[in-house]
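Protein chains: 2
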Amino acid sequence: MLNLFEIDEWKLIENSFDPAKQEQAESIFSIGNGSFGQRANFEEAYSGKSLQGSYVGGVYYPDKTRVGWWKNGYPEYFAKVLNATNWIGIFIEIDGVKLDLATCQIKSFYRELDMKTSTLTRKFRVQLSNNKEIEVVSVRFCSMHNQEIAAIRYSITPLNFSGNVSFTPYLDGNVTNADSNYDEVFWEADAHRVGDRKGVVSARTKKTNFLTATAMRFSFWENDQLVEIHPNTKAETLYVDNHFEHFLKQGSTYTLKKYVAVTSTINHSEFNTVAAAINEVTDAYRAGFDAIYADHVKAWDEIWKNADVKIEGDKSAQQAIRFNIFHLYQTYTGNNAKLNIGPKGFTGEKYGGATYWDTEAYCIPFFLKTAPQAVSRQLLKYRYNQLDKAIENAAKLGFKDGAALYPMVTMNGEECHNEWEITFEEIHRNGAIAFAIYNYIRHTDDWEYVADFGRHVLVGIARFWAQRFNWSGAKQQFVMLGVTGPNEYENNVNNNWYTNYLAKWCLTFTLEVEEKLNHKSPLLRKGEREEWLNIIDKIYLPKLENTNIFLQQDNFMDKVLMNADELPENERPINQHWSWDRILRSVFIKQADVLQGVYLFEEQFSMDEIKDNFNFYEPKTVHESSLSPCIHSILAAKIGDKERAYKLYLRTSRLDLDDYNREVAEGLHITSMAGTWMSIVEGMAGIRVTESGLEMNPIIPTQWKSYTFNIFYKNQPLTISIGSEITIENKGDKAITLDVYKQSINFNIGEKKVIEMR
Amino acid sequence: MLNLFEIDEWKLIENSFDPAKQEQAESIFSIGNGSFGQRANFEEAYSGKSLQGSYVGGVYYPDKTRVGWWKNGYPEYFAKVLNATNWIGIFIEIDGVKLDLATCQIKSFYRELDMKTSTLTRKFRVQLSNNKEIEVVSVRFCSMHNQEIAAIRYSITPLNFSGNVSFTPYLDGNVTNADSNYDEVFWEADAHRVGDRKGVVSARTKKTNFLTATAMRFSFWENDQLVEIHPNTKAETLYVDNHFEHFLKQGSTYTLKKYVAVTSTINHSEFNTVAAAINEVTDAYRAGFDAIYADHVKAWDEIWKNADVKIEGDKSAQQAIRFNIFHLYQTYTGNNAKLNIGPKGFTGEKYGGATYWDTEAYCIPFFLKTAPQAVSRQLLKYRYNQLDKAIENAAKLGFKDGAALYPMVTMNGEECHNEWEITFEEIHRNGAIAFAIYNYIRHTDDWEYVADFGRHVLVGIARFWAQRFNWSGAKQQFVMLGVTGPNEYENNVNNNWYTNYLAKWCLTFTLEVEEKLNHKSPLLRKGEREEWLNIIDKIYLPKLENTNIFLQQDNFMDKVLMNADELPENERPINQHWSWDRILRSVFIKQADVLQGVYLFEEQFSMDEIKDNFNFYEPKTVHESSLSPCIHSILAAKIGDKERAYKLYLRTSRLDLDDYNREVAEGLHITSMAGTWMSIVEGMAGIRVTESGLEMNPIIPTQWKSYTFNIFYKNQPLTISIGSEITIENKGDKAITLDVYKQSINFNIGEKKVIEMR
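Just so you know, the protein sequences line up as chains A and H, in that order. The first sequence runs 0 to 757 under numbering that gives the first Met the number 0. The second sequence runs 0 to 757 under numbering that gives the first Met the number 0.
If we strip away everything but chain A, and leave its shape as in the complex, we get:
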């Protein structure tokens, strides 16, 4: 555990500067607003190790992925999240010496990310090689109110001198990705214009032709007085700046306020994109820093009102859960039907593409309970909009008659992942998309969505499963060969229990939905229902004889059975130390697989089955996916193993903050952050929304005094507080009934009740 940064309930704080931690800090202190975002790179020059990252939602480059050995059916491209125009930059020179934290002497350094307001602040004192000492305070934010706006307030105070200081605020689109095959440049210059205290750079992605425009304006202040300046301007390909010198008096504070707008053809027409950036930045400039900041803070208040989780008695857990919620909402706001939730959000460039099954398996449960239903509906609709492409995708793999296989990774509905064992075989993702529809109905009763859109998705997915099983003469049952389960540490296995079970459920649920809706244009073809019923009836589900253990796959018991705690510490994580074949042969499980199924379909299993499978698989699980510990934590809570639930919770909640997997430098694990929230709400509080209603079976870790959160259920907001007793308040406009410890309790509008804790 690295404990990288200070612990505070609402803030991330660094009290000193460690260049070795800079890339990690850049990830952790990232800010964004659902539309664009960036790593916590410095405004001034920095010659130390850094991963520069400024990202615009939905903008990508279809990178070539030619490998020596192409497989038929591989996608044409791998979508790359692109490092875009750097808009934070302000070069500073003090009497001819460049300000650069890598080369000057640092007297003090403070960095803070206030999660309540998504405000990134730095305050530092440095002595330059010419012995000049200054203090710098920089504050910046990406507006949550106007999601195309950001601003920086950058102040310098000369401490031991008066003298000339030069300021060069700039926009620089001459950027590349750290992750590129041959140092390719992914941007083509569009236009650049510069004026007095303003500039704009627009760039177009190669091949995909996304146009993005980045505009800036700025003002300069001595203490609180606006200073008139006459900067020199410079404009080059993909670059503009303003340059001016000013005589700074010792003890006075000089502030540059830089306003930025970032627009793209995701939201604007080709014709308007540049103009929109100029208009937006002009409006922001005229409104002023304080006014736009106030709007921004207000927007965040609205989010926290629903989404906050308060934990009393455990500052570290409190900080961690807010960190997770904070980054989820920085990444996705539900405002834009074209966007989804990239695994790294706006914090890094790793993982091409924006949409994984993470969205359905982890993020939708989070947004279903913390945001109005429109947000989750937007995410479901995203998949509906891509149904045609999913059908095309399945057709490429030889499936027919409208069978749909959603891609593993996508930007626009097209598959953009190319490892056969994932792309073609990790097909359980299709089931997660169906399950999300089911979950959405349970939460919202929005059957209209299903009738209009969801059923088409369900039927496409079910058709895929019906074709994907084959009859085994040897087993006299339907089998599913050659799949990869959620445990990606087994590939191309036969009869992954989770996938078979989920597929069976999808077929059953789709038939139920079609029957229930009794739509005037039925989707199922003649005989299709009977065919599916026959398959459902004869699906093979591997099980260890004479036990409750569902077998992860057919040949699981041929492996050498070991527990993860028998692994030498210096061989973990195994994915950084073992070759792939060794991992595949081993019994070690990357993330919940059988247990993912036990979690999703909990009501269908006895407590003994849940316990036995948990006790069989948990010790074999190495949790090398960020998506893993939360599911285990929830199940541990379910079977009453409070200590283990808490231990696993800590692992998920501080995964990035403490950099467990030593990869935070590359960016944060945004989607798995939803799992942390699930560990509290579904794990600790034992909240379940089932077809029969809302249940809760709360426990509380001994380390905590109380925890409080809000959830939406059937569009009604509830506030739930669990400590020495349970307090529930119905804040909605309808009465509501829920089960606490299997006891049905009614809440009138506005009613608050206190229930005994068990």
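Hints may contain errors.
Copies of the same chain look alike in the list, so a pair counts if it works inside one copy or between any two.
[As the list claims (entries may be wrong)] Calculated cross-link-like contacts (lysine-lysine; reagent style DSS-like; alpha-carbon spacing at most 30 Å):
id, residue 1, residue 2
1, 395, 349
2, 206, 646
3, 741, 730
4, 752, 399
5, 619, 70
6, 730, 646
These are computed hints drawn from the structure, not numbers from a lab. In this text the structure is predicted, and so the values were computed from the model without any measurement.
On the provided structure of chain A, position chain H as indicated by the hints.
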């Protein structure tokens, strides 16, 4: 079947020019001499579709193979065979119009590759856009006598005019590979010098720093008279030429004789490489075309003396077998310990790396019988020299104590393939290397090689197997999980019968060798022998209950059982029409897998077992590897299915000539050509060299009158002719005994006997 070219016993002939066939023809008419070689590109300019290829043995570029999803243990690079300096080029301009077969009117065209002498000839008449008609005759060869020399004789006769013609012989190193990720250039310029009727270009490969030098000299003749010319010279980066104009008289013939030397740091020191090229080309120039050509022809006569197979009564089969033998010897001569046999030889750039298990499984059996034992020994020694790297390679995958895993693909002993299911899992290649040693001893009795070198290789390989098995609690036997067999249409399977069987044999054979040699420094550690014996005793070999069928892998019988002839024609080859997962799930077999084991260890199985397995697997085999049909052909002959043996033989022998798999444009399947020869000698003639001696059980296809070939057995050359009767002649210097139809027959020195055909 395309029947691309004319059928002739010794020649490949094209009688007309079809631009659509040009890339196929460039592959098929390729020439080489074991050291360098080239596709049959044209000397003069050609603006039509063409794959330019000039290759220098052993010279490669370690291409980056960054893919989105790296696996721990993947190699750093993928070795790329490089298109090198073009040395054939001669630009021609007739009164200002460029000679280019893509743009002029072709009156007649003849192309011939004489396989007896490895001579490529073209003769054509064309009319240019200015109505000038010429006849061109070009002859070229890569000397088999001096393997750094080549020469071209290029003659022009003006047919309907007298006029000015310009000649520009050149060397051009500004070349790229057709197969590159981002059009990278793999060469760096070294030096270029040009002089009167001479020039040299040297280039260095990026990263690997191989230096190659290509030098030219030339002379110009009117009919048989040397003409004095004074060319202009040009030298640019990686390019040199000489340019001269001459007045050509109608009806006279003008000839440019271009001599070339190609050297590299594979054979020369860095210091000498360029000088060697200059010296070699000067010697060749002084000796003259006819003299160096005569030496070249003599060298080929020597090869054919041993290697030729004569088939009477079937011109097509005759041409085909010579085509295969010819290309094998163009690719590998056994002269250089640093070289091996690339799957495409000098005919294309596909497949990085030079050495595959093809060498051991196919080429060594061919060279063992057609060349003195030194050639096969060189190939074995190549692997011995790379043993350290094989041990390193195994260590990377977690194996220890000197376990060796030879790479799937290599240039210098390092793995350079990066598909996990192949690189890490297609490990049966290790067994093929052990088997080659066994086979070598059976043919040569050279136990000295084994005592000095081979045993180290065997022990390293056996150690790998001992560690690769694991004990299955479920089966109470040793199992091998996660492998890919020779049938690459199944990946990551458990208990591939072939691999398990081969591994068991390797362990057993290595123990036998160590026992037999009883070396004063034993290689086995204390307890190692007992450990291996225990494993050998308990290896699981999957079998279909109550039958003779050895199961390809554990779950084979869960597949939908179908025969290849049930596949729609438009879905074949399936690897061009089906996605990879579909192929993997299907029952279809790419190439001999269980049958490869039945073939290798034939003596260990009953005729019923051989028949039953053949009849079970042959119909499921799609033969989409060039390595497949020959093994099936041999087994078909073995079980007496003469018709099928012949059909399968045809498929292997004319695979490239008739472009069955529609990929000849990319180059020829050099290594599988050895399989064709095996189909005749092991299949038709039923020749086996076992521990007990030489056996033969000949059959003859009804389509043939007779066939005759030579083999080496214990260093003794034998000539065997099979027709209406069997004629065997001992041409060696020792008496020899062999079994014909299980009848032991003795041959004194020089003795020739006639035996009745059954």
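Status of each hint after checking the structure:
no.: 1; hint: 395 / 349; result: both (27 Å within a copy, 26 Å between copies)
no.: 2; hint: 206 / 646; result: neither (47 Å within a copy, 49 Å between copies)
no.: 3; hint: 741 / 730; result: within (22 Å within a copy, 96 Å between copies)
no.: 4; hint: 752 / 399; result: neither (55 Å within a copy, 65 Å between copies)
no.: 5; hint: 619 / 70; result: between (33 Å within a copy, 21 Å between copies)
no.: 6; hint: 730 / 646; result: neither (32 Å within a copy, 81 Å between copies)
When held up to the earlier numbered hints, the structure conflicts with 2, 4, 6 and fits the remainder.
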